[in-house]
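J.: Sequence:
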Amino acid sequence: MPKRIAFRHLDAFLILAREGNVSRAAELMGIAQPALSQQIQLIEARIGTPLFERNARPLRLTDAGRYLHAEAASLVDRFESVVAEVRQIGQGKRGWLGIGFTRSAMYDFLPPVVREFSLNHPDVELRLHEMLTEDQPDALRAGTIHLGLSRDPVETPGLMQEVLLREDLVVALPRQHPFAQRRSLGLPELAEEAFILFPKNPAARFPSRILSLCREAGFTPSVAQEAFEIQTALGLVAAGLGVTLVTAGVARHIRSDLTFKRLEGGRSAFETLLVALYRPGPRDLPLEAMLNLMRPSTCRDARAG
1 MPKRIAFRHL DAFLILAREG NVSRAAELMG IAQPALSQQI QLIEARIGTP LFERNARPLR
61 LTDAGRYLHA EAASLVDRFE SVVAEVRQIG QGKRGWLGIG FTRSAMYDFL PPVVREFSLN
121 HPDVELRLHE MLTEDQPDAL RAGTIHLGLS RDPVETPGLM QEVLLREDLV VALPRQHPFA
181 QRRSLGLPEL AEEAFILFPK NPAARFPSRI LSLCREAGFT PSVAQEAFEI QTALGLVAAG
241 LGVTLVTAGV ARHIRSDLTF KRLEGGRSAF ETLLVALYRP GPRDLPLEAM LNLMRPSTCR
301 DARAG
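Letter 100 of the sequence shown, counting from 1, is numbered 100 in the UniProt record's numbering, and no numbers are missing.
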């Protein structure tokens, strides 16, 4: 099997073809004429055919040489482009970043971060996947995503966790509700209310969290409806079919037909965490840049902008 031709040999061939003179080409390359001649002879030997008409002055390409010249110029240009792309990837300016996120993260937290990241890293492709907290560890291990945004995750062996945001849970009420004028409510005061739970998925942990909080407050809530989406749940609340608990980030998106009330009691009891999940070990630059944007001080600045 013939040995491969190195890119430096193609460079020598292209320079000589352009100059048509061994002396000028060797001077441009900073090598002696015999060394350049040897490189051209090596290419011809490995290809098995002459590339230059030796008796012509200036040197002229053979038919085989003209074909190689057209193809080699394209190859060298492409290789230089690949090198530039590799350099950008190494600098965190190219590539892709996969993020799995829970629905509530998209209300207040994620949009400004994504906007800021895209402005700073326009050549990094963001692949966003809405998924349950419970599905994110497997997606991380499979390489489908590089970063998960989870609500109050359980133990995730082999993965790193980092708290990005602490949010209070608040109660969503229809605007005409008797408690609408109150500034805050005790959860036991909702014992007679019908509850709207979401998301409607057996694997979802958020509905279980609401039920658990109600039981700790001394009652088992009556579940009137279950919804797949937060907006559907809020629509059902606005229609007067029940109440629900949401994060403070969701409550900041004001609706004229709803009111949101703080829950009285120990803050930690009604606190929910937004946590970053990622694989251990060295992190590539796009992931590190995204995490830096999401960390508390930077993220507040991004939202303010």
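FYI, nobody ran anything at the bench for these hints, they're computed from the structure. Among the clues, some could well be false.
Computed beta-carbon distance windows for the label pairs [what the hints assert, rightly or not]: (1) H253 <-> L128: 17 to 23 angstroms; (2) R127 <-> A56: 54 to 60 angstroms; (3) P282 <-> G20: 46 to 52 angstroms; (4) L159 <-> V76: 42 to 48 angstroms; (5) S81 <-> G48: 38 to 44 angstroms; (6) A32 <-> N292: 48 to 54 angstroms; (7) R60 <-> E27: 19 to 25 angstroms; (8) L126 <-> E229: 19 to 25 angstroms.
If you're wondering where the values come from, they're calculated on a predicted model, not measured in any experiment. Where is the CB? At the ideal position from N, CA and C, for every residue including glycine.
J.: Decide, hint by hint, whether the structure agrees.
T.: Comparing the hints with the structure gives:
The hinted range of 17 to 23 angstroms is satisfied by H253 and L128, whose Cβ atoms lie roughly 19 angstroms apart. At about 55 angstroms, the beta-carbon gap between R127 and A56 stays in the expected band of 54 to 60 angstroms. Separated by about 50 angstroms at the C-beta atoms, P282 and G20 satisfy the suggested range of 46 to 52 angstroms. In this structure the supplied range 42 to 48 angstroms holds for L159 paired with V76, their Cβ-Cβ distance being about 43 angstroms.
Between S81 and G48 the Cβ separation comes to about 29 angstroms, which falls outside the hinted range of 38 to 44 angstroms. Checking the proposed 48 to 54 angstroms range against A32 and N292 shows it holds: the Cβ atoms sit about 52 angstroms from each other. Restraint check, R60 to E27: a C-beta distance of roughly 20 angstroms satisfies the suggested window 19 to 25 angstroms. Look at L126 against E229: about 22 angstroms separates their beta carbons, and that is inside 19 to 25 angstroms.
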